[in-house]
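Novice: Listed below are the residues making up each chain.
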Amino acid sequence: MIPVVFENCFGWFHPPLSDRSGGTAVLLCPGVSQDFSNGYRPFRLLAEHLAEAGYPTLRFDYPGTGDSADPESNNLWEVWQQSISRAATWLRGQTRADKLLLIGLRIGGTLAAVASERLEDIAGLILIEPCQTGRSYVSQLTTEARLRGAQQPEAELEVGELYLTSACIHDMRKVELANLALPLSLPVAIFSRVPEEKLRIRLAAWCKRSINFTYEDLGGLEAMLRPNHHYGEPELDATRLLIWLHCNIPPSAPSHASLPLPKPEAFILLNCIETSLSFGSFWRLNGILSRPRINKYPGFSVLICNSGGNPRHGFARFGVECARSLAEAGIASLRFDFAGLGDSIHYSDRTDLQTDPFTEDRTNDISEALDTLEALGFTRFALHGLCSGAYHALRGACTQKRIVQLISVNLPWFSLQPEKPGPGSSAQNCLRTLIRRDIASLFLFGQQDAGLKQLERHFGADGRFLPDSPVIELCVLPELDHELTVGWMRRQVAERIINFVRTHQTSTWLSKTEGEPRYGHA
Amino acid sequence: MAMRDTIIEMMTNIAQQQRKPLAPLQDDLNLLSSGLDSLCIAILVAELDEEFGIDPLSSTDDHNLPVTVGDFIRLYENAMQ
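If you're matching them up, the sequences are chains A and B in order. Position 471 of the first sequence, counting from 1, maps to 470 under numbering that gives the first Met the number 0, and the rest follow consecutively. Position 8 of the second sequence, counting from 1, maps to 7 under numbering that gives the first Met the number 0, and the rest follow consecutively.
Note that these hints are calculated values from the structure, not bench results. Treat the hints with caution; some may be incorrect.
Said to hold, decoys possible - Pairs of lysine-lysine residues, derived as DSBU-like cross-links and limited to a Cα-Cα distance of at most 30 Å, are as follows: (1) B:Lys-19 - A:Lys-452; (2) A:Lys-173 - A:Lys-207; (3) A:Lys-400 - A:Lys-419; (4) A:Lys-419 - B:Lys-19; (5) A:Lys-173 - A:Lys-197; (6) B:Lys-19 - A:Lys-197; (7) A:Lys-207 - A:Lys-98; (8) A:Lys-197 - A:Lys-207; (9) A:Lys-295 - A:Lys-400.
Quantities reported herein were computed from a predicted structural model and do not represent experimental measurements.
Start from the sequences, fold in the hints, and give me the full structure.
Specialist: If you want it as C-alpha cells, here you go:
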C-alpha cells in the first residue's frame, strides 16, 4: 500500500498485484466518528483483498477525519461529498480506470450513494449497513452528544472530532437513501443486519423506479461494525462481497499500458509537514511523522501510542490534533500503530491478525519506532499515550533507556494483574524506575476518571504519597472525560502536554503547573 | 409487533453487537445502568427513527430526557399515538 495525498486528503492506494491499468478501480468511503475508527482496520484488509483480486483500490480519510487536513468550509456534509469526487478523480487519473466502484460503510455508504447520482463512470455500488436517512444519523450523533452531557452550541452539534454546523445538519437531514435517483442500470448490493423484507419495504421507492439491488446479510463483514477494542473474534471475511463483485463487475482486462505507481508524498499542512513511515522488521509498522515547519527543539520527538483499539488517530482524533498542536509549538512527533492495530501488521505469518490493545507487550514496537526516529536524527524522546496507550507508554518509559519524558493521560492501571498496593507493587516499581532514570513524568487525569482511583489506591487521596521527586507530576483536570470527547477537553490536554514538554526541555526540573487544580509534588 | 417489544428486541441486538452485557430489562431499570452506553442508546434512537420515522428525543429538553427503560418506552409509545 502506498500513502497518497490529494486535495487536503490523506489516503492509501492499494495497487493490484498484477502490473496493469484501466479496468475497474474501487474507492472505499469510510464511516465517520466511531464507525470510522471501528471500520478502519477492516477497510485496510478489504482493500488488500480487492487489490489481490485485481482491483486497484483507494481508501482515504474525509477532511476533518483521520490523518486528513481540517476542512476549509464548515459544512462537513458538503466537504465530504466533494472529497469523494476528488478521490474519484485522483483514482481515475492514477489507474486510468474505465469504471469506478464505490464501497461505503454506514454514513459513508449514504455518501457513496449520493455520489453515484452525480459521478460519471460509476460501475457499481456496495453499501455496508448504510444509514438509510441522514436524519436518523443526525439523531444518533445528537443523542450521543446529549447523553455524554456535553454542552452543545445553539443549533449546532459537537460530538467527538465532528463539529456539525446548522447548515450541515440541515443538508444531512434531507438525505434519504430511498429517494436517491441512482442510475437504473447500476448494480447495487446492500450488506445489512436489517432483515431483507424490512429493508425492501424501506427502499420500496427504488423498486418503483426499477432500481434493483442485491440483498446480503452482513456475513463476514461484522468486523467492520464491531467495537475495535474487541479482540479474538472472527476477522473480516470478504468472500461474499468479492463473489458479488466478480459476478457483477469483474476486473476487466487492462486497456492501457501500465502506469508507474504513485510516489509517496509528504502532506504539507499549515504548521507542519507530515510523512507516512513504514518501519520495523519487514516494515510492518506504520505511522505519521509530523515535523514542525520551525523546529524549536531539534533532536527531540514525541512518540504517540494508540488509544484502545483505535487507529493512531486516537479517541476523537486526539492523536492527530495533539501531533499538529505539538508541531505548531515547534515540536516533532510520530504517531504510529502498534502491530495488529490500524495500519500496522502483526508479527506473524498472518497479516490479518488483530492484537489485544491492552495485554499485548508493545516493548518491541516502541523500540522499533525509536530506532526509526534515531535513524532520522532524533536523539531524545517523550512517550505519550491515552488510556491503554498510557499504560504501554509507562511500560515503555520504564524499559527504554532513550526516553526522557513520559506523558500519560487517563492511565487506567499500573499493572494488568490486580495487585495490592505496597512497596513491591508494579505502581511503586514503575515510579522508582522513572525517578532513578530522571524521566520527567506527567500523569494527567480527568477528575472523575476511573484511572485516578487506581492511582489513589496506590498513592493515597490526591496522590499525597507519590514519591517526593521533581520529576513526577500529577495533574487533575475537572470535567475531563476519559475519551476527551469535546474539543475544549482536547485543546486543554494538548496545551498541558506542550507546556510540560517545554518546561522539561530545560536542564532544571520544574514540576509546578499553574491554574487548574493540581496534586502531587512540586 | 408492539413498540415495547420492538424496543426491547433492538436493545438486546445492539447490546450483542456492541459486546455489552445487558441487565434484565425492566421498566424501573435506569437506562444507563442497563449495560447500554451512550453510543448504544444513540444507535437505538437512530434505528427507531429508521423503523418508525420518529425521534421524540429531539423535541425533549435535556431536563426531561427519559431516565428509566420504562420512561424511554413510554416516550416512543406516546409519540406513535
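Novice: Does the structure keep Lys-400 of chain A and Lys-419 of chain A at a Cα separation of 30 Å or less?
Specialist: holds (28 Å)
Novice: Holds or violated: Lys-295 of chain A and Lys-400 of chain A, Cα atoms, limit 30 Å.
Specialist: Answer holds: Lys-295 of chain A to Lys-400 of chain A is near 23 Å, not above 30 Å.
Novice: Can the restraint linking Lys-173 of chain A and Lys-197 of chain A be considered satisfied, given a maximum Cα separation of 30 Å?
Specialist: Holds. Lys-173 of chain A to Lys-197 of chain A sits at ~22 Å (cutoff 30 Å).
Novice: Does Lys-19 of chain B pair with Lys-452 of chain A here, judged by a C-alpha cut-off of 30 Å?
Specialist: This hinted pair holds, its Cα atoms lying about 23 Å apart.
Novice: So if I understand the rule, the pair passes when the alpha-carbon distance is 30 Å or less; does Lys-197 of chain A with Lys-207 of chain A pass?
Specialist: Measuring from Cα to Cα gives roughly 16 Å; hence the hint holds.
Novice: Against the 30 Å threshold, does the CA-CA distance of Lys-19 of chain B and Lys-197 of chain A hold or violate the hint?
Specialist: Judged against 30 Å, a Cα distance of about 25 Å means the pair holds.
Novice: Lys-207 of chain A and Lys-98 of chain A were given as a pair; does the straight-line alpha-carbon distance stay at or below 30 Å?
Specialist: Distance of about 27 Å is within 30 Å: holds.
Novice: Quick one, are Lys-419 of chain A and Lys-19 of chain B close enough, alpha carbons at most 30 Å?
Specialist: holds (29 Å)
Novice: Taking only the CA atoms, is the gap from Lys-173 of chain A to Lys-207 of chain A under or equal to 30 Å?
Specialist: holds (21 Å)
Going through the hint list in order, the structure satisfies each hint without exception.
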